[in-house]
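A.B. asks: One letter stands for each residue in the lines below.
2 protein chains.
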Amino acid sequence: MLTIVVDAMGGDNAPACVVEGTIEALRESGNRFEILLIGQEDKVTPLLQQQDISDLNLRFMHAPEVVTMEDIPAIAVKTKQESSLVKGLKLCKAKEADAYVSAGNTGAQMAASLFVLGRLPGVLRPTIYAYFPRIGEGLTNIVDVGANVDCKPENLVQFAEMLTIYQRYAAQIETPTVGLLNIGEEEGKGPEFLKQTYRMLQEAAREQKINFIGNIEGHDILSGKATIVVCDGLVGNTILKFGESIPHFLGSLFKPSLEKLVLSGQLDKNAAALAGKAFKEIFEPFDVEKFGGVPFLGVDGISIVGHGRSSSRAIKNMIYMAEHMIEKRVNEHIAEVLS
Amino acid sequence: MLTIVVDAMGGDNAPACVVEGTIEALRESGNRFEILLIGQEDKVTPLLQQQDISDLNLRFMHAPEVVTMEDIPAIAVKTKQESSLVKGLKLCKAKEADAYVSAGNTGAQMAASLFVLGRLPGVLRPTIYAYFPRIGEGLTNIVDVGANVDCKPENLVQFAEMLTIYQRYAAQIETPTVGLLNIGEEEGKGPEFLKQTYRMLQEAAREQKINFIGNIEGHDILSGKATIVVCDGLVGNTILKFGESIPHFLGSLFKPSLEKLVLSGQLDKNAAALAGKAFKEIFEPFDVEKFGGVPFLGVDGISIVGHGRSSSRAIKNMIYMAEHMIEKRVNEHIAEVLS
Chain E
917 MLTIVVDAMG GDNAPACVVE GTIEALRESG NRFEILLIGQ EDKVTPLLQQ
967 QDISDLNLRF MHAPEVVTME DIPAIAVKTK QESSLVKGLK LCKAKEADAY
1017 VSAGNTGAQM AASLFVLGRL PGVLRPTIYA YFPRIGEGLT NIVDVGANVD
1067 CKPENLVQFA EMLTIYQRYA AQIETPTVGL LNIGEEEGKG PEFLKQTYRM
1117 LQEAAREQKI NFIGNIEGHD ILSGKATIVV CDGLVGNTIL KFGESIPHFL
1167 GSLFKPSLEK LVLSGQLDKN AAALAGKAFK EIFEPFDVEK FGGVPFLGVD
1217 GISIVGHGRS SSRAIKNMIY MAEHMIEKRV NEHIAEVLS
Chain A
917 MLTIVVDAMG GDNAPACVVE GTIEALRESG NRFEILLIGQ EDKVTPLLQQ
967 QDISDLNLRF MHAPEVVTME DIPAIAVKTK QESSLVKGLK LCKAKEADAY
1017 VSAGNTGAQM AASLFVLGRL PGVLRPTIYA YFPRIGEGLT NIVDVGANVD
1067 CKPENLVQFA EMLTIYQRYA AQIETPTVGL LNIGEEEGKG PEFLKQTYRM
1117 LQEAAREQKI NFIGNIEGHD ILSGKATIVV CDGLVGNTIL KFGESIPHFL
1167 GSLFKPSLEK LVLSGQLDKN AAALAGKAFK EIFEPFDVEK FGGVPFLGVD
1217 GISIVGHGRS SSRAIKNMIY MAEHMIEKRV NEHIAEVLS
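Protein chains in written order, with this note's numbering: chain E, 917 to 1255; chain A, 917 to 1255.
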């Protein structure tokens, strides 16, 4: 049976949310796996004692230290050896557990995963992606979104290869299309390093490692021209954060607009409330909780990175994601293609 | 009296829209300047003959060739010497005109402006910016948005300096804040070239050339943390195109959402139409026509670059923008600070 380590201390609503999501995952799945919840005893055990969990495959392990959102990744990894983060990943490294799930400090989790788990054979730099809604079915997956800046062409090519494998085995998309994010569609556009990347992506496509469709532009992200969008972490991170700020920004414009219509008597309150609800619903495709998080691709182990805002539902889905990634042998496939 | 050259052939709706915008500008301003409309005689003169323009400061000049949206910039500039683009800019270079305005092929206009007008003293690379709506008053101005990729730190610093001067003299914002777009707020974040840029922007701030507020992130663009956002053209171009695609994408989600409410009888048709109108209105701050276009900053002359979709209102506003830039002596100020 698989053992999944869940960081009880990670996320804005930890540990309550994490405990809840963990219990939900075990109940819903019928104890399909074992969960090792790790965190500060005085914070976590009172939450566990409130419920009858005697029927669940749930263990608890004390970790006295906590890596906070404010911690500087490289320093936290070295100085907080007794944190749930470092202890949890070490259990994976020692094969006492199969995966690590957290909604804590993303930078620290990436640094610790790299440091403790190491890289898969052939992987130059592990990477992290993010998904965007798009017109029609499916998602647009952007890689890298901040784990790597100063990327070389060979890094971008590996990001495309790793995410292709992940999409193929974990998301059942046989040949996901790969687009290179650039300032124009034509070959030969953009900075030098993207011109080189273009040629290397063509080469990877000839070897049937990826399904490269050429350069794409910023407006192609939401139109869904490619399933995988490759870029340097600076570009991807900026797009991700810009995208995340849109619902709030537009909401701050739409709400007063509806209120004005109500005040002027053109729209009744009930209709305005319905329109407001419909407006909120259009942002549901942006819902970060659906999948819960994303795997840190390329490390020699499974480390699922969640959003700080993760709810219990997000935690639950991250646990399922970890299980799925193990079952589909994603890491074995990555090592096979990249080494 | 100023003479402004207007490219009759530039834009998706040229020449009709351009002729209309030109006439509007002259009528509205009371012939405050002279306009030299330049383009293909057989296309433009029939439009002019339809109206009584005898009272206007309007001249026409024939240019047999046309640079299209499909033309490759560097090639068009060399091979289409008899185009409105090249002829118009040459008039500016020869001081027979004071500014050039076009909604045509942006890449070709930048290439031709650089080639024909040259750079202002001290300017390494001319640049182009774009404006975004933001929470509260004012706009967020992003520079560079595609004129320059493979930027060096000194290029980014000059972009910040030039746009500061433009905002100060043309938009009356005395000390616009400058933020460096990066993957994190803290100094020392991001790729090497941004770390160097950070230090050089600090230096420029000490010399009181700019008002540098440090690193900003993708979500700060719409929140309005900085008036000027500096980045490489690859990042800026991607954000610009991504942003432009948002209204259509969200509209494609909101419309069926409202229709569903009407069909289920929860919302009457009139209320849905009002909500739909309110929804459209929230995108008005994204209106590219308000200012019409942007100047190509750093060239030794005035070249206003418009969106291909420009309406007559956009053309009119670009003409005013050219006039304003001359009156405020923006180029003289740039040369003074940068040389």
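Simulated from the structure, these hints should not be mistaken for lab results. Be aware that one or more of the hints could be misleading.
One copy or two, it doesn't matter: identical chains are merged, so the pair holds either way.
[Stated by the list, open to error] Think about it this way: if two alpha-carbon atoms lie no more than 20 Å apart in a straight line, the pair counts; the simulated DMTMM-like pairs of lysine to aspartate or glutamate are:
id: 1; residue 1: LYS1068; residue 2: GLU1090
id: 2; residue 1: LYS1157; residue 2: GLU1101
id: 3; residue 1: LYS1011; residue 2: ASP971
id: 4; residue 1: LYS1105; residue 2: GLU1175
id: 5; residue 1: LYS1193; residue 2: GLU1175
A.B. asks: Hint by hint, say whether it matches the structure.
C.D. replies: Hint check:
no.	hint	verdict
1	LYS1068 - GLU1090	neither (27 Å within a copy, 40 Å between copies)
2	LYS1157 - GLU1101	between (24 Å within a copy, 13 Å between copies)
3	LYS1011 - ASP971	neither (25 Å within a copy, 87 Å between copies)
4	LYS1105 - GLU1175	neither (47 Å within a copy, 42 Å between copies)
5	LYS1193 - GLU1175	both (14 Å within a copy, 13 Å between copies)
Violated hints for the displayed structure, listed by number in ascending order: 1, 3 and 4.
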